[in-house]
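S.K.: Heads up: the sequence lines are chains R and X, in that order.
The opening position of the first sequence corresponds to residue 69 in the numbering used here, with each subsequent residue numbered one higher.
The opening position of the second sequence corresponds to residue 50 in the numbering used here, with each subsequent residue numbered one higher.
It is worth saying that the hints were derived from the structure and are not from the lab.
Do not rely on the hints blindly, as some may be mistaken.
As the list claims (entries may be wrong) - Quick list of in silico lysine-lysine cross-link-like pairs, DSS-like style, CA-CA up to 30 Å:
# : chain 1 : residue 1 : chain 2 : residue 2
1 : R       : Lys76     : X       : Lys243
2 : R       : Lys378    : X       : Lys168
3 : X       : Lys168    : R       : Lys76
4 : X       : Lys168    : X       : Lys243
5 : R       : Lys96     : X       : Lys168
6 : R       : Lys111    : R       : Lys255
Please read all numbers here as calculations on a predicted model, not as lab measurements.
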Amino acid sequence: MKIKRFEKLAAPVLSIIIALLIGTAIIKICGYHPLSAYSALLKGAFGSFRYTMATLEKSVPLILCGIAAMVAMKSGIFNIGAEGQLFMGAIGYTVAALYLDFLPGPLHLMVCILVSILFGSAWAFVPAIMKIRIGANEVVTSIMLNYIAQLFTSYLVSGPMRADGAVSQSDPIPAATTIGEIVAGSKITWGFPLAIVLCIVFAVLFKRTQLGYEITAAGMNARAAEAGGIQPDRVRIIAMMISGALAGLAGGLLVASTFGRLVETVSTSFGFDGISIAVLGLYTSVGVFLSSLLFGALHTGSLYMEMFMKIPSELIDVLQGVIIVVIASPAIFQILFKRGGKR
Amino acid sequence: MGNEQLSLIASVLSATLRMSVPLGFAAIGGAISERSGIIALGLEGYMTIGAFFAVLGAYTTNSAAFGLLAGALAAGIFALIYGFVSIHLKAQQTVSGLGMNTIAPGLVAILMVAIFGNKGKSALTPNLQPIELPVISKIPFLGEVFSGHTILLYAFLLVAVLSWVIMYKTPEGIRLRSAGTNPEVIEALGLSVKAIQYRAVFASGILAGIGGAYLSIAQLNFYSSDMVSGRGFIAIAVFVFAGWNPVRCIWASLLFGFTEAIQMRLQTLGMPSQIIQMLPYFCTLLVLANIRTSRKKHHIM
């Protein structure tokens, strides 16, 4: 059991190492110094209290989208539409925040969160039902829905919801619906503890509850699950809606804590990153949490690296890309392990 | 109709043709790849690589033709990396396809800084020149629509027809489609499914690369970082809309190209262009809703 666990961990660790090696080669070829580049990356991510907090805060939408991707993938359906669900969640949150302002403070906040969850969930329901009922591939339908959601956001902030001024954005949301810093000046908001709680909730869900068991069973072997009295189709729709709910919440939190209003660029591909994070995290809550921290650290660290070392922050896109291409190719590890002389 | 409206329509139609070329090339590439059984989620990445290396090629050789070649080849090679992980390493293609889309703009940004000193915009390069068609260019309306395009528009139409012929009328095409639907048959014939898939993926990279190159060295004469901006994903919509059929990709890319062309017009009129832009995605959803599972079972998408 212990050896098996180690072997499992070897895949993500090795993929990160391979990515760093390829990164090193690229940095060298482009005439920079690899070691100072990586140390700048590290410094920018964890070099001070403020940087560390920024890294943690950055990881919040990543954690939510990571769990979102994980839940769907575990049930055997691919949620590449988290990006669109996130936008819908952001729209829902903003609409509720701006137009339901007659509600008393705490209730208003709750309603906003609920609406963002519902919007995300409803947006995820579309590809799920299209997949189950007519077999339309969820990857393609989700890509379409991503665009529709993004365009709809762009339409809202440049049309009906546009605030006065030169920038396409909505009015700021009322203070009661913003989610602030835990300690003033700490840069880290209540979104972070919420994300941790959700990690725990979903760890428990998959370990201890009937629903978690059904989702896992539907994903591993739908026919066997069916023989065992589980309806895989129903379970997948539920999993997809949970997934959408989490992505929608991520969008809501971005509005509530990061932007304070609806903007065109709510997400910088958090939804897609979530898929990478779920895969790198081996479809576990702990793994998703750690992978999100890694991706968050890469994001914040890369800005520092660019500012002080003049190395383009896009280097981390290459690192992230290589990590997931490697981890998505299990045969690499079989080859490595066989040659590595396990016997 | 007054002259003004006519020339407005002509300019929208002409823009439609221009916009459809990059989508069409990438979509045909995607269709070929998926027919062989390899998901074409990486088109966005191939186009980015194609757009950049076309500029790099044109910049270093001072020739747009060499630039086009460089862009196509670079994207082809980039696609082969995806082919290698998909075919040999049995990668989860949806994930690794997304990975390739992440790597491409990252790699290009680094190369941009190293070569052109900034990641936003490259130096100017020679570009493909528009062709004035001999007779048609003289005809008032038709001339405005069909003349004055680069050779890639005509190449796109040719490639679409050729791909269709190869796909449906030649043994190579039968093998390609069987590799996607009945790989056992290919193996039983003593042919290599892997070899067919590598060829298909390479072709998809080349074609998407040309689509990317069109953006940088035909429409413009430089590379800019927001150039591809989702066109690779739209190309997926195009070939799905076209039912993985290269000739139908022409009509589908014209439809998507039209919404892009009209969007710029509507913006100047102060109309919500986003709603128009959504239309092709809704259309694709509707088309998908009509595709029966049984018929398309073997298409991964």
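S.K.: Hint by hint, say whether it matches the structure.
M.R.: Okay, the hints, checked on the actual structure:
1. R:Lys76 with X:Lys243: 28 Å, holds
2. R:Lys378 with X:Lys168: Roughly 11 Å separates the two Cα atoms, so the pair holds.
3. X:Lys168 with R:Lys76: Violated. Lys168 (chain X) to Lys76 (chain R) sits at ~38 Å, over the 30 Å cutoff.
4. X:Lys168 with X:Lys243: 37 Å, violated
5. R:Lys96 with X:Lys168: 18 Å, holds
6. R:Lys111 with R:Lys255: 17 Å, holds
In terms of the numbered hints stated before, the structure departs from hints 3, 4, listed from lowest to highest.
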